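Colleague: Given next are the chains, with one letter for each unit.
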Amino acid sequence: MIIAIASGKGGTGKTTVAAALVKVWDRPVQAVDLDVEEPNLALYLKPELTGREISMMEIPLADQDKCTACGACSEICQFKAISVLGEYILTFPEMCHGCGGCLAVCPEGALSPDTRELGEVLWGWAGEIDFLMGRLRVGEAMSPPLMRAAKKRLDSSRDVIIDAPPGVSCPAVNAVKDTDVIVLVTEPTPFGFYDLKLAREAFTPIGAPMGVVINRTGIGDKGVYDYCHATGLPILLEIPYDRQVAEAYSRGEVIVDALPEYQNMFLELSSRIRDLADRRMKEARYA
Amino acid sequence: MPEITILSGKGGTGKTSLTAAFAHLASNHILCDLDVDAPDLHLILKPENEYLEEFFSGHEAIIDQTLCTGCGECIERCHFDAIKETPDGLVVDQLACEGCKVCVHFCPADAIEFPMRRCGQWYLSKTRFGPLVHAQLFPGEENSGLLVSLLRQQARGMAEKEGYDLILSDGAPGIGCPVISSLSGTDLAVIVTEPTPSGTHDLDRVVDLCEHFKIPVAVIINKYDINLDQVRTIENFCQDHHLNLVGKLPYDHAFTEAMVQVQTITEYQASGLADEVRKIWTRVETLARLKKAA
Ligand code: SF4
Ligand code: SF4
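One line per chain: the protein sequences are A and B, in this order. Counting from 1, one number per residue, gives the positions in the first sequence under this note's numbering. Counting from 1, one number per residue, gives the positions in the second sequence under this note's numbering.
The hints are simulated quantities; they were obtained by calculation from the structure and are not laboratory data. Be a bit skeptical, because a hint or two may be false.
Mimicking SDA-like on lysine to any residue, the simulated pairs with C-alpha atoms at most 25 Å apart in a straight line are [said to hold, decoys possible]:
#, chain 1, residue 1, chain 2, residue 2
1, B, Lys101, A, Pro190
2, A, Lys80, B, Gln121
3, A, Lys222, B, Tyr268
4, A, Lys46, B, Asp208
5, B, Lys126, A, Pro190
6, B, Lys84, B, Gln121
7, A, Lys80, B, His59
8, B, Lys101, A, Ala104
9, B, Lys84, A, Lys46
These numbers were taken from a predicted model, which means no experiment stands behind them.
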């Protein structure tokens with residue numbers, strides 16, 4: 001079972017929830033940080049990293065001698081990563097999406113595959129927890145291919161809990177794709193409400209059941225609750241506004257370790273998440 | 001005309017609430033919400049849209065089932081595994097398609113269409129604090145970098161034409177493509193951070209990015225009183241990197257309460273937090289004008 005912890009927006013407590021959930025999970029689990037722009041899960045789980053792989057993407061390398069400047073490559077390239085200037089061919093590796101089109105169309109065999117570094121995939125152990133993360137190179141703009149590289153190392157023999165990137169654009173959708181349950185972390189404020197609506201809209205095409213964790217309850221207003229009730233989004237957990245939680249987080253501690261009274265709460269969250277997944281599997285069987 | 005961009009690296013640090021307060025305090029300025037993925041500034045500023053335009057970017061592949069022979073050439077060619085065999089024939093998974101045109105080019109039956117992709121909408125609006133340029137990307141779309149550049153161009157064009165002398169932008173979160181687009185050519189990046197391990201970690205990464213693009217940086221620590229040790233770490237970090245620390249704000253519900261009232265903190269309060277925010281704004285504005293002049 002693969003579970004994604006997502007949020008329409010950063011700062012809602014996604015990593016707090018992911019870290020606590022992983023800690024109380026009572027089956028073999030793999031914790032995966034796919035927020036590759038700002039991977040923070042490791043700061044809380046403190047895994048011992050034992051493996052590292054540099055992730056590369058294929059980009060074209062031009063051989064000026066063979067090139068006849070016909071322009072076939074720049075014509076197919078949709079990302080302005082290659083252009084022919086007079087007799088010369090110029091490549092812009094940072095724009096390249098690695099589709100391989102230019103290499104495939106070049107009639108002269110003037111392009112050969114080269115690589116660009118996207119970032120790294122790291123893995124290791126935090127006690128019993130299998131840990132995996134991606135980290136984007138600073139200055140690199142394309143996160144989905146790095147996420148795909150990290151996802152190749154998902155352990156199918158374990159339950160997988162993914163800390164997804166914030167937002168609702170293509171990196172977030174990429175991280176949440178192919179999961180069995182999506183947990184949306186939000187806050188009961190106008191910002192939280194607006195971003196929750198966007199997240200639900202963005203992830204609906206994926207088809208996985210969604211549930212909501214409302215963080216910092218007791219502040220803000222009713223918008224999020226009304227929306228969940230009206231649309232049938234189950235509220236899986238409410239975490240009260242508690243300054244101790246913010247302080248534990250600021251010390252790099254996982255709340256279920258720092259504040260044991262939260263353990264039952266997160267155990268309950270894990271069983272509700274499993275119920276959601278089971279219900280969906282049953283529905284699939286009768287469909 | 002200086003351009004100030006408020007960033008945070010990590011979300012939820014209070015970036016938008018501060019931008020809104022600065023919008024209240026600044027004069028003769030244009031506002032820009034560059035967080036096109038999950039824009040929130042409009043929730044406080046309640047803009048009246050005066051102009052709307054569709055945003056198209058790139059293309060999407062669509063297989064015409066009446067022409068497709070099912071040869072599978074496109075599946076072979078697609079580097080993004082975006083084409084799937086279904087009971088209804090070969091179908092492009094739009095969430096995975098990068099719009100690279102490779103399948104279109106190589107399809108022997110000419111069965112793949114390649115229309116423009118409608119990715120979102122952008123607006124010019126009026127608010128109680130002056131004009132606002134903003135957008136909403138449709139959920140799941142990419143290329144927010146292009147949309148961010150477009151918004152900045154619009155804001156700059158309008159500022160020049162109508163004689164505004166400051167552009168204030170709520171930047172995109174993260175350090176990826178949209179942030180890079182919100183930074184290039186800005187005169188001052190104001191980074192709002194908080195004293196948590198992830199806050200400092202993300203600060204480090206955004207500062208890296210700003211240094212890479214040679215953008216001057218000012219730092220604000222929000223919720224400073226939740227962890228004074230981390231605050232010292234951030235202060236040392238600022239010193240080592242020659243960054244201007246322009247202010248510290250305590251953890252305070254007033255930000256949320258103001259938000260619920262659809263107000264900026266400086267409208268909501270006459271003193272307290274609002275005073276601090278006012279002082280910070282004066283420093284930020286002075287710094288931006290100095291950097292612009294330099
Ligand atoms: S297709 Fe090949 S020969 Fe033609 S311009 Fe590109 S690299 Fe040169
Ligand atoms: S346009 Fe490119 S990414 Fe999209 S389906 Fe065709 S080959 Fe795949």
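Colleague: Next step is simple, just say for each hint if it's right about the structure.
Modeller: Going through the hints against the structure:
1. B/Lys101 x A/Pro190: Violated - the C-alpha atoms of A/Pro190 and B/Lys101 are around 41 Å apart, more than 25 Å.
2. A/Lys80 x B/Gln121: holds (23 Å)
3. A/Lys222 x B/Tyr268: It holds: about 20 Å lies between the C-alpha atoms, which stays within 25 Å.
4. A/Lys46 x B/Asp208: Holds, at about 23 Å.
5. B/Lys126 x A/Pro190: Since the Cα atoms of B/Lys126 and A/Pro190 sit roughly 21 Å apart, the hinted pair holds (cutoff 25 Å).
6. B/Lys84 x B/Gln121: Measuring from Cα to Cα gives roughly 30 Å; hence the hint is violated.
7. A/Lys80 x B/His59: holds (14 Å)
8. B/Lys101 x A/Ala104: holds (12 Å)
9. B/Lys84 x A/Lys46: violated (39 Å)
Going down the numbered hints, you'll see the structure goes against 1, 6, 9, while the others check out.
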